[in-house]
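Residue numbers (this note's numbering), protein chains in the order written: chain A, 9 to 320; chain B, 1111 to 1498.
Don't read these hints as lab results, they were simulated from the structure.
Beta carbons are placed, not taken as given, at the ideal position from N, Cα and C, and that holds for glycine.
You may find that some hints are simply not true.
Unchecked claim - Stretch by stretch, here's where chain A covers chain B in the computed footprint (C-beta under 8 angstroms, at least three residues):
1) 1248–1256
2) 1268–1276
3) 1441–1449
4) 1459–1465
The chain contents come next:
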Amino acid sequence: MILLLQYTLVFASVLMLVALGGCFSEHSGVINIGLEGIMVFGALGGALVMSKLPAATPAVWVVVSAILAAMLMGLLYSLLLAVAAINFKADQTLVGTAMNLLGTAAATVIVKAINTSANPNNPSATLQYISAKKAFLLVDGYEFNWFMPLAVILLVLSFFILYRTRFGLRLMSCGEHPQASASVGINVFKMRYAGVMISGLLGGLGGLVYITAGVSEWKFENGVAGFGFLALAVMIFGGWKPMRIALAALLFGFFRALSNVYTGFDLLSRLNLPSTVYNMLPYIISLIVLVFFSKNSAAPKAEGVPYDQGSR
Amino acid sequence: MLKKRSLLGKPAVQTLLSSLLCIVLGVLVGYIALLIINPAGAGEAVTDILKNFWNYKKHATQMKNLGNTLVKTAPLLMCSLSVLFAYKVGLFNIGAAGQYVAGAGACIYCAVGLGWHWLPCMLAAVIAGALIGSISGVLKAHRNVNEVISCIMLNWISLYLVNTLLSKVKNPTSPYTYEISKQLVVEEGVAKTVAHTEALLPQIGINSLFNNNKYVGIAVPMAILFAVMIWVLLTKTRLGYELRATGLNKYAAKYCGMQDRFNIVLTMAISGALAGIGAAMFYLTGFEEWSVTQSSVPAMGFNGIAAAFLGGLHPVGAIFSSFFIQHITDGGAQLNKQVYPAEISNLISSLIIYFCGFVLFFKLVLNKWLDRRFEKRMAASQKGVSKS
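All chains, please: the whole structure from these sequences, using the hints.
Next comes the structure, spelled out in structure tokens:
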């Protein structure tokens, strides 16, 4: 039971962070399909720092530098989307898809290049960070980690920024009616850049949390196994609102965790379902959820539409 | 006053030019990545990728390897047709990957598990692909579910479903299914395999062109035929006109009496069917078996997006772009693995998709420049007229 709780919280914090990132981007008016790629790059940044830091580094320093590296990498990678979608008015779905493919390909190339330059007989795309990962754990022997309180803090912060600050409200106006925002002196380009970059920060952090979830090495050929997409579903289920996103993340995290630990439950293992059923469950549920929640979509009105100053 | 269009002003020329630009930029960034990894062999490595089968000295080996590339080009072309067909109707079919997976599952199971002939196996793949596609279509048309999201979810659902289905025809000694040329039969409770070559796609003599590469066959001309058919369907038929009209403006199409909802479902079903056929074209050659433990969706459907956009969203353009994408993907395998990772070619093809996002902007700038140049010339010639 405690195992299920651990994994639920781990996966929920990943989904929540990434979905919050998507929430910022979409409220500013840019669809971010590329969250998966952003997660991979964030994970890469964090994993590189964790595996390359000397073993004697103090735990606090490991935690802080890995988190900063992941967020920075996510931020830099998200600029690819920002430039294409905001300055060049590119098709946001196309660019996002390209970023997802590019994320996995580039991360694999980078890790393989690093591994082969260290040892020519090791052309694998795996990074190990066994000792560094321990720095993140709150209690020895359990998977409860520093990311969980951090995720809660970021959740509250996101809520506060979006609904209680001038910046957040302006950001949201750019996703609803950018021309109206521009008419009262808001710089739509700047706001959309801010939205995408915040999604880069949160998505990158989410990637780091994901690759430290119960494992201490990561094979970058696998990317992040569709978690970025799952986070998008969480965001839609959460109605683009931080608090509801948190609840949705808990629900999805629970089902995702179930696929890891279902063998530990008598009732579930006696059902004798193939393990693929549990793997499918989060996706099936999100599809069903979408069926019921998309009719009256609460999506920002102008999301996905490049900002054209001329059309009012 | 007739406005004479220069060569650069023609849409087809612009599309070709922008695709070439995407390729050049993609290869350039790939080259820079190679330079960073190891500057000594980077130039050679990038030519190795671009040469692919020409790396081999003997003509016979070249043809055999060209054949291998073609075997994978056929399914890629089908996936890119699937993507571009949906895109013409205003739908982004990122689910080609999942529809491809569903098609693979159906045709492999029907061939190995049920011992069907190749044609019904292919039809099964068509139905499976169309089914997955139409789920997204129905959700989009009737429940307003964004097709991108539902497609992505269905990609994963189909992957796990197919893994479950195909573990029934799995070779117990490996993670792969049995070869497509075998049939699994259970006699008195004992499972064994018997030869069953009817499920293999016929070669109709094409293989002799490629040094008897046994995997090359009917799939290649068939895929090209499908490309032409899609072009005819989209541009020369009433259905194609309706579909494109629905894509351009759903409400206007509805106002004109077109059935917008039905058209959306039909489009996704056709798209799915195309991707499904692609899977049958690949797995029924016996080139590769399905690994039932794979945990990521095969890249074929995603590369289809690259090929569709690189081909300027034109079915005939897709033929060439699919070949190119597959050509460089196979070229990546030519690299010395101790120095350069083969994924460099994935990097290049994903960069090409990324740069395709800028095509619209590129055309806009080009047209503005052409217009300005045209106006200047007109002004200059009028000045000349008034003087004389």
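Consistency of the hints with the structure:
Check result for the segment 1248–1256 of chain B against chain A: holds, 5 residues qualifying (beta carbon to beta carbon below 8 angstroms, three or more required). Counting residues of the segment 1268–1276 of chain B whose beta-carbon sits less than 8 angstroms from any beta-carbon of chain A gives 4, enough to reach three: the coverage restraint holds. Using a Cβ-Cβ cut-off of 8 angstroms, 3 residues of the segment 1441–1449 of chain B lie near chain A, which meets the minimum of three, so the contact claim holds. Taking a C-beta to C-beta cut-off of 8 angstroms, the segment 1459–1465 of chain B contributes 5 residues in contact with chain A, enough for the three needed, and the coverage statement holds.
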